[in-house]
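Participant: Sequence:
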Amino acid sequence: MKVPFTWKVTGWFMIGWSPEFPIGEVRPLRYFGEDLVAYRAESGEVHVLEAHCKHLGAHIGHGGKVVGDCVQCPFHGWRWGPDGTNRYIPYQPDRPNRALTLRVFPVMEQYGCVFAWHHPHGKEPQWQMPDIFGKFPQFETDPAAYYRAYPEFSRRAEREPVHPQIVAENAPDSAISSTYTTRP
Numbered sequence: 022m023k024v025p026f027t028w029k030v031t032g033w034f035m036i037g038w039s040p041e042f043p044i045g046e047v048r049p050l051r052y053f054g055e056d057l058v059a060y061r062a063e064s065g066e067v068h069v070l071e072a073h074c075k076h077l078g079a080h081i082g083h084g085g086k087v088v089g090d091c092v093q094c095p096f097h098g099w100r101w102g103p104d105g106t107n108r109y110i111p112y113q114p115d116r117p118n119r120a121l122t123l124r125v126f127p128v129m130e131q132y133g134c135v136f137a138w139h140h141p142h143g144k145e146p147q148w149q150m151p152d153i154f155g156k157f158p159q160f161e162t163d164p165a166a167y168y169r170a171y172p173e174f175s176r177r178a179e180r181e182p183v184h185p186q187i188v189a190e191n192a193p194d195s196a197i198s199s200t201y202t203t204r205p
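In terms of our numbering, the sequence shown opens at residue 22 and continues consecutively.
Keep in mind that the hints are not guaranteed to be accurate.
The calculated DSBU-like cross-link candidates involving lysine-lysine, where the alpha carbons are at most 30 Å apart (straight line), are [to be verified]: (1) 86 / 144; (2) 156 / 75; (3) 75 / 86; (4) 29 / 156; (5) 156 / 144; (6) 29 / 75; (7) 29 / 144.
Here are the simulated distance ranges between beta carbons [unchecked claim]: (8) 157 / 84: 40 to 46 Å; (9) 147 / 76: 29 to 35 Å; (10) 130 / 55: 19 to 25 Å; (11) 127 / 51: 14 to 20 Å.
These are computed hints drawn from the structure, not numbers from a lab. Here a beta-carbon is modelled for each residue, glycine too, at the ideal position from N, C-alpha and C.
Can you build the whole structure from these sequences, using the hints too?
Facilitator: Here's what the structure looks like:
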């Protein structure tokens, strides 16, 4: 598969730790140069949508609330389902506007981490999230056998305008570290 070059990233990206998304809470996010809203529905499933309500553009992540499996806009109370469709309008409850939809970002939770799929043109995931423990049968697969992954053990630099490729290409490389750590 030939993947065209773009500065807009494609793939699965960690957007947070599972405990950062409690049931019933709405959280504003900024990833991929876009405003997003994440929420954990009453069913326990995490959903990520574009953040601005299609009614009048209010940011759902600031003051929005979870109602069942929907997220409600804080401005006029429009509700959006996890599939991005408008499900409810307070002043016409039996006639939601099905023509308006919010972009949906597929989400996957694995081992205490929440990942969102991003494609610059909104395409569905082109590959599944790999199961990092399932790929190595020689290692224990019970998450309880490991230290829990959680924010207090990590540092987040949310405001750094860096493309992930830059980080990967400039991270220490043990195979060549001797060439840049020695002096002439």
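Participant: Would you mind marking each hint as holding or not holding in the structure?
Facilitator: Status of each hint after checking the structure:
Distance restraint check for residue 86 and residue 144: the Cα-Cα separation of roughly 27 Å lies within the 30 Å cut-off, and the hinted pair is therefore satisfied. A hinted pair counts as satisfied when its Cα atoms are at most 30 Å apart, and residue 156 with residue 75 does not qualify at roughly 42 Å. Distance hint between residue 75 and residue 86 is fulfilled; the C-alpha atoms sit about 16 Å from each other, no more than 30 Å. Straight-line distance between C-alpha atoms of residue 29 and residue 156 comes to about 28 Å, which keeps the hinted pair within the 30 Å bound.
Annotation: proposed proximity of residue 156 to residue 144 holds, straight-line Cα distance about 26 Å (limit 30 Å). Distance restraint check for residue 29 and residue 75: the Cα-Cα separation of roughly 24 Å lies within the 30 Å cut-off, and the hinted pair is therefore satisfied. About 13 Å separates the Cα atoms of residue 29 and residue 144, which keeps this hinted pair within 30 Å; it holds. Taking the beta carbon of each, residue 157 and residue 84 are about 44 Å apart, inside 40 to 46 Å as hinted.
In this structure, residue 147 and residue 76 meet the distance hint of 29 to 35 Å, their C-beta atoms being roughly 32 Å apart. Checked against the hint of 19 to 25 Å, the C-beta distance between residue 130 and residue 55 comes to roughly 21 Å, which is consistent with it. Under the hint 14 to 20 Å, the C-beta atoms of residue 127 and residue 51, about 18 Å apart, fit the expected range.
Hint compliance for this structure: hint 2 is the single one not met.
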